[in-house]
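Keeping their order, the protein sequence lines are chains A and B.
For the first sequence, position 418 matches number 418 in our numbering, and the numbering has no gaps at all.
For the second sequence, position 194 matches number 194 in our numbering, and the numbering has no gaps at all.
Certain hints may be false.
[What the hints assert, rightly or not] Have a look at the derived ranges for each label pair, beta carbon to beta carbon:
#, chain 1, residue 1, chain 2, residue 2, range
1, B, 163, A, 26, 47 to 57 Å
2, B, 186, A, 298, 51 to 61 Å
3, B, 51, A, 378, 23 to 33 Å
Just so you know, the hints here were simulated from the structure itself, not pulled from any lab data.
Predicted model only: the values in this text are computed from it and were never measured.
Ideal Cβ positions, reconstructed from N, Cα and C, are used throughout, including at glycine.
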Amino acid sequence: MTHRGSRVLRVGSLARVEGEGALLLRVSGDRVEEVRLRIYEPPRFFEAFLRGRAYTEPPDITARVCGICPVAYQMSACAAIEDACGVTVDRPIQDLRRLLYCGEWIESHALHIYLLHAPDFLGCDSAIDLARAERAAVERGLRLKQAGNALLEVLGGRAIHPVNVRLGGFHRAPAPAELRPLAERLSRAADDARETVRWAAGFDFPEAAVDADLLALGSPGTYAIERGTPTVLRTDGARTAFDTSVFLDHVREEQVPHSTALHSRLDGRRHLTGPLARFAISGSLLSPTALEAAREAGLGDPAAGAVCRNPYRSVLVRAVEVVYAVDEALRLIAAYEPPPRPYVEVPPVAGGGHGATEAPRGLLYHRYRLDGDGTVTDARIVPPTAQNQGAVENDLARIAQAALAGGDPSDEELTRLCERAIRNHDPCISCSAHFLDLTVLRT
Amino acid sequence: MSTPSPAVPTLAVFKLASCDGCQLTLLDCEDEFLALAGRVRIAHFPEASSSVDPGPYDLGLVEGSVTTPDDARRIREIRAQCRVLVTIGACATAGGIQALRNFADVEEFRRTVYARPDYIETLATSTPVSAHVDVDFELRGCPIDRGQLLEVLTAFLAGRKPDVPNHSVCFECKRRGTVCVTVAHGTPCLGPVTHAGCGAICPAYGRGCYGCFGPSGSVNLPALIPLLHRDGLDDPATERFLRTFNAAAFDTCDNESGKEVRP
């Protein structure tokens, strides 16, 4: 039977993504007419209720935007407010922040790789389903995820919404003896992380390429996580960078002609943040083990500037980033000496500040305005998923178009394919819904 | 409800307005997750599985608060489908941080965040699940504690009441051997009025409890507020401190003096 003709596919509730989203695909014959990733996650108004709060509060409050990447919110909030107050934290505090962030990368990436993404490659509905066929693999994934959580728990007090982060640093710096058992655990995680790359390299990857500029933080000499300069690799290969303070001049919401939806655009062009972008911008700065893992996995040689644009292969890039985050955590723990003070005093200064860090899903930007006594008068947050929306929809359209051109997919096949195409990007809908990407909330 | 349960009970996880952190807590039970999947059939958990079975369900866990007309309708449907309904976390149990809108003009909020406010459908308030339907058990916390979640699940499987004491965080500090941050350092702390369950993490890290588990079984604000003032919080700061993650739960709960107290 043929599936040609006009049809509209709706997926009412996307599974294995964080938050609530729906998908609409309008097809006419073998042509994709319209793709909409609709977000129906209810709005929560963070930017509104941050007004009037004390400048010390956004790290704890904005963590609640996302239970999957609370550290990213805490780090971007601290960076922006410290920028507003003209304070730079001590190097050992920066290192501790990076260590905490490594925990979140390990946890969040392991969650996505094993529990959300891998089932797609292996024809399963869930990790529980997958565990019936490959129990050892799922156990490895859970062990890896737990290692990330252990790091968050020791350094942050708990894995979700850690309590130890404050403006200027930490409430309490850990004693070296508290970190030592983590090193042991992370050594095992290092093996699991390498094994994850090998395992994922065996998946079957359809051909596809993201057609978007790639945006990630760049930092001299290191794979940028907790700080850096927004850096763009354009589709034509040109590389540019701009200061975080002008982020909103470059990344803007724009009306697109074919739809009523606004999309985040970078200098008027479609862009993507996240693992593929980071790998393209900073890949050469990965640790030796992570570089080797990337080469073995068939991602090319990051040291020679390899770029991966295949969204299906993002699972490999995430796996390589886990290898890196584990290495980096081990390095930071080995070099750790308690800082002379756990935090730097941050007296309030009237004015504004900007901060950007690399959440597991990509660049997370915060901006705050403060008055002289430290009251927040304005807040603006641009999460990675809101930025990626345009690139994800474009990717969906291209993948669906290719499937229609190459065969005669049934509605069910097409729907499954589109869901996979969305999960490739690990969207965090809880994050994106609370902010500016409102126009996808069409009712 | 008289739906007969099959041999393996079914579990369903639902999400309203929330950050996903409380349902993530279930996936954070790394040591127990596969074992749990052997004891219950996970019939509805969209974040973890693309296979969704229709109700009714034996146990429903709900994360998030009610903030839209659609969710107000959906929670009644969810209630009707679940033999036992448990709310997980501060949003579902107290309205959550998004209930800060309850003290403000939601129209202004909508205009502040959204360039096209007319696209946004939202209620003026963020309310707990119990404001809409009967709830069998409420688990506190922003986020919930993994150990307490496992206790609720285990109790359900064993057919007993969950052992989740409602004493204050102070008990947990004593048990943990943490020196009182208020007594020793004059740090403002909500521990004396906050429901236990987290293990008194904040004082162990040298900061005051910020009340993310909501009010304990016996709250004495008239005794606490002067201490907060003494330790440097003025009235607006005290009010913010008490009303962040659990909305008005502290000032509307029964307190020992029996009088309503405004912070």
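Range hint compliance [Cβ, residue 186 of chain B to residue 298 of chain A, 51 to 61 Å]: Between residue 186 of chain B and residue 298 of chain A, where Cβ atoms are some 59 Å apart, the hint holds.
Whether the CB-CB distance between residue 163 of chain B and residue 26 of chain A falls inside 47 to 57 Å: Holds, at about 53 Å.
Range agreement (Cβ of residue 378 of chain A with Cβ of residue 51 of chain B, hint 23 to 33 Å): violated, 44 Å
Hint 3 from the earlier list is the only one contradicted by this structure; the remaining hints agree with it.
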